[in-house]
Structures are given as structure tokens and as C-alpha cells.
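Undergrad: Sequence:
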Amino acid sequence: MLGIERRRQIMEKLNNEQKVYVAELAKLFKVTEETIRRDLEKLESKDLLRRSYGGAVLSEHTREDISFLKRNTIMSENKQIIASKAAALVHDGDSLMIDASTTCLALLARLQQKKDLTIITNSARILHDYFSSPHRLISTGGTLRKNSCALVGHIAQGTLRHYNVDLAFISCKGLSKERGIMESNEEESVLKECMASQADRTILLADHTKFSQTAFVHSFDFDRIQTIVTDEPVSSGWRTLLEKKHIDLLD
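Residues -9 to 241 in our numbering are what the sequence shown lists, from first letter to last.
Check each hint, because a few of them may be wrong.
What the hints assert, rightly or not - Keeping only pairs whose Cα atoms sit at most 27 angstroms apart, straight-line, the calculated DSSO-like set for lysine-lysine is: (1) 167 - 32; (2) 32 - 17; (3) 75 - 235.
Simulated from the structure, these hints should not be mistaken for lab results. None of the values given here were measured: they were computed from a predicted structure.
Starting from the given sequences, assemble the full structure and let the hints guide the process.
TA: Written out as C-alpha cells, the structure reads:
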């Protein structure tokens, strides 16, 4: 087994069990404990885990998703700021893809005065809260992740690939200058990549705490997005990077 695949499986095991042990991993992968320690060092250098005595635990930035209800109460004012800016990018008659994030839920509240929108989403919460909306709502279908109120899986992916839209609104768990856009859950990451592929313009919604943060899964690179909407001014380093990549910034 290649080292990169072994480290991927270590992270998968860590996400499921919250802690891993060097001795157990060495037996599982049939390698030496020193090899496992080197793997853990490499993963720690990417801020994906934190080594502890005899093993490792997840770093704060790569922990499995906080529940939807809890996320909906975190930085709510910041999300409203982002939602207000993002809503200004939507015009009557637009077709949209919107992910299952709490920031996109805040965005929906700002779109009710728009006319004749078509909204495709994998958010069970949006479908529940806005079933009587005047806009045309299309569900991706799929398997429900109860923790995030997100529909995922092959059915959801197939639905998204069936449509071409004007705008995709996507959130993330982290942005890295070196690694691009990241998410904490692989299934939801795939859905967000699908949305970015099907839209004429992809708009990333990310509050200021997401910049220069690492998460478990790489979703896509900066060349897949055209606009970033955030709540506070970004650093000069980030501003320079986004200008070089021709990404519009609303901060």
C-alpha cells in the first residue's frame, strides 16, 4: 500500500473513532511503528491531526461536522452579513444551486423578494422551511445525513449533473492558499464539487474564520470559483492571491 493511501485510511479511521494508536495502526497496515509515526508527523504538519502519547487525535480544524442546529447559532450575525452581500448577486429569473450550509439557509431568507427563481438544493432544512416559497424548488434527493440536514450520495450527484445553472452558492470548512477549498465530510464535498461544475458562476460563502484553515477533504481548487463573499476584510496576502487568480472578492 502506498503511503498516501495509508494516510488517507488513517484519517478515515480517526474521523470515525476520534483517536488512533500507533501500535494498532502498525498491526492493521502491517508496517513498523516508526512508519506510522512518520505518517502521523506528515498529517500533523498539514494540521489534520494532533499527535498525543501513543497515537493521535483530530485537530480542531478537522473534527467531524458540528451539528446543523449548533452551527446555525455560531456567528449568526456574520452569516447574515454574508447572506446580504450574496443576495445582491442574484437577479430575477436566475437558476441556482445551493448547498446545505447554515450560511446558505440565511441566504434563502434574503431571496424571498426575488422573482421567478429556480433553486436546486441538497438541504433538507431549506426544503422544509421554504416548501411554500413562490420560487421553484428542486430537491437533489439522496441519502440524508442527519447531522448536517444534507442529502448526499449517487442519487444527489446524478440530479445535480442533470442541470446547468446560472449560480452556485457553496460554503466550506476551510480555505488554504496551498490546498484550495476544503470540507470536513467527503460525501458533502463531492456534492459541492458537482455544484461548482454545473454553474456558470460559482460563489463561495466563507466567513473570516475559514481563511488559512485546513479541513479533512479537498473539495476543489481556486480555479473553480469566480467570487468569494466574506464578512470582514481579508489580509493583503489573501487579497493578492485572489487578484492573481481573477476571483472577485466581496469583503
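Undergrad: Among the hints numbered above, which are violated by the structure, and what are their numbers in rising order?
TA: Those not satisfied: there are none.
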